[in-house]
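Peer 1: Just so you know, the sequences run in chain order D and E. For reference, each letter of the first sequence is one residue, going -17 to 156 in the numbering used here. For reference, each letter of the second sequence is one residue, going 4 to 285 in the numbering used here.
Derived from the structure by calculation, the hints contain no laboratory data. Some hints here could point you the wrong way.
What the hints assert, rightly or not - Derived list of chain E stretches under chain D, where covered just means 3 residues or more per stretch with a C-beta under 8 Å from a C-beta of chain D:
# : stretch
1 : 43 to 53
2 : 91 to 97
Stated by the list, open to error - Derived pair list, reagent style DSS-like, types lysine-lysine, alpha-carbon separation capped at 27 Å:
# : chain 1 : residue 1 : chain 2 : residue 2
3 : D       : K(-10)    : D       : K83
4 : E       : K97       : E       : K5
5 : D       : K131      : E       : K105
6 : D       : K(-10)    : E       : K105
7 : E       : K5        : D       : K148
What the hints assert, rightly or not - Calculated Cβ distances over 12 Å to all of chain D for the following chain E residues:
#  : residue
8  : G33
9  : I36
10 : P123
11 : G125
12 : K134
13 : L145
14 : P185
15 : E191
16 : D195
17 : K206
18 : I230
19 : G240
20 : I241
Idealized CB from N, CA, C, for every residue including glycine.
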Amino acid sequence: MPEDKAFKNEVLRLAGSEALTCIQCGTCSASCPTANLMNPSIRRLIKLCLEGRKDEALHNETLWLCTSCLLCTVRCPRGIRPKAVVSALKEIAGREEKKSKDASYEELFVKQIEQNGRIAELPLTAEFLFVFPQGMVSSMQMGLELLPKGKIGIEIDRIRGRDEVKRIIEELRG
Amino acid sequence: MKLAYYPGCVSQSTGKEMDASTRAVCTALGIEIEELADWNCCGATHVSNELVATGLAARNMAQTDLPIMTACSICYSNLRAAEERLKEPEVLTKVNAVLDKKYRGAEVRHALDVMLEAMPEGDERIVLPLKGLLVAPYYGCLLTRPAGLYSAEFPVILETLIKRLEAEPVDFRKKTACCGGPIFMPQENAADDIAFGILSEAKRAGAEVIVTVCPLCHLMLDAKQKILEQKKGEKIGIPVLYVTQLVGIALGLGPEELGLFMNTVSPMGIVEKAYERMGNES
């Protein structure tokens, strides 16, 4: 497969050019709480980006197993931000419109901020279950736990600055 | 001391007891708070575009000239990360171009550090010292990252606070490990394994209570605890308190004000034990 230079440069633009200094030491993988489930590993994901292997870098479960805990970023001896690379790949995947359940969750989350300025968990969960009905049973379990305690936010709280928030999301993207 | 209070979206739902206890403790300690005007969601861990995340945080920070306090580590981490990025002139210019009120710098604080500062050693307002209570100090990941204010791997501020209340921090190996929360909807099994690992480690360390600084950690460890016990076939039974709830108990505040009845694993046993111990001593 030919090296996709445009893809590689876009990752570097979004996540920082220091990624070029990666020595593949694997400190990121060794620090990652979900490393045991990742294929490719976070170390290998960086390599795929640097080799411009766009398809392999974008279409995998690894991106969605990242918990954003930033331990990779704290520990990288080269000052690379592996989590920022993951975020960059999610951003690029989002533009390509190949929808996975994980991408949908993130998209719904951002859409709700765009519309209301804040997140209300119940409508967000309901919308997510519409695209991912397999999550229904465990969501019901959680609901049964939280509802009697009055801990489910049902009302959607709309802020006054919605237009400004919408502008932030639309204009700063890209 | 007057601060702008940023409650965050969970304050209206799964983190209601975090919000209630934060407000109650601030009142008790004489910390004057004013809710941040028309605040928006910080984006949590679900806004992958860094510039957008920075813009969302900057809008919040531009609403006030006061230092901003939040009790949520996710909100805290996002505001702090944005504060750092906004030091770059290029980022600042781009962000301010879309904001109504312009960002002109900010000071962001977590309730943990605000409370510690307001409560000196031997503070007489600590009417119910939690002597002998074994507490697992659980930082989770985002309070200490981006680093700068606290060590990312060996923070001690929670232990300091626990000792100030005369309780005893246990040596908790997973104190800065991630709870798995950000992926609990789409990647449930992975998140459950991580959260159960934290709970098991707290049990092994002999903790009577786990203290958290983040509503997502709290959700994973408390609201999900019974579900996880069933799934894994192992009993844990350790209450999980927000740090503001733990401080509130030591300040003698009531369970209603602190939202203690909203916790899934009841912390009332700990409260009763503390009162009993005090009764025996006097």
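Peer 1: Each of the hints needs a verdict: does it hold here or not?
Peer 2: Hints, one by one, checked against the model:
1. 43 to 53: holds (count 10)
2. 91 to 97: With 1 residues in contact (Cβ-Cβ under 8 Å with chain D), the coverage given for the stretch 91 to 97 of chain E is violated.
3. D:K(-10) <-> D:K83: holds (25 Å)
4. E:K97 <-> E:K5: Answer violated: K97 of chain E to K5 of chain E is near 31 Å, above 27 Å.
5. D:K131 <-> E:K105: Violated, at roughly 40 Å.
6. D:K(-10) <-> E:K105: With a Cα-Cα distance of about 34 Å, the restraint between K(-10) of chain D and K105 of chain E is violated, given a limit of 27 Å.
7. E:K5 <-> D:K148: The given pair, whose Cα atoms are some 31 Å apart, is violated under the 27 Å limit.
8. G33: holds (29 Å)
9. I36: Since the minimum Cβ distance to chain D is about 19 Å, I36 of chain E lies beyond 12 Å and the statement holds.
10. P123: holds (31 Å)
11. G125: Non-interface label on G125 of chain E holds, nearest chain D Cβ at 35 Å vs cutoff 12 Å.
12. K134: holds (30 Å)
13. L145: With a cut-off of 12 Å, L145 of chain E comes too close to chain D, as the shortest Cβ separation is near 7 Å.
14. P185: Incorrect as stated: the minimum Cβ-Cβ distance to chain D is 5 Å, not above 12 Å.
15. E191: violated (6 Å)
16. D195: violated (9 Å)
17. K206: About 19 Å separates K206 of chain E from the closest Cβ of chain D, which puts it past 12 Å; holds.
18. I230: Violated, because the least Cβ-Cβ distance between I230 of chain E and chain D comes to about 5 Å, which does not exceed 12 Å.
19. G240: holds (15 Å)
20. I241: Non-interface label stands for I241 of chain E: nearest chain D Cβ at 16 Å, farther than 12 Å.
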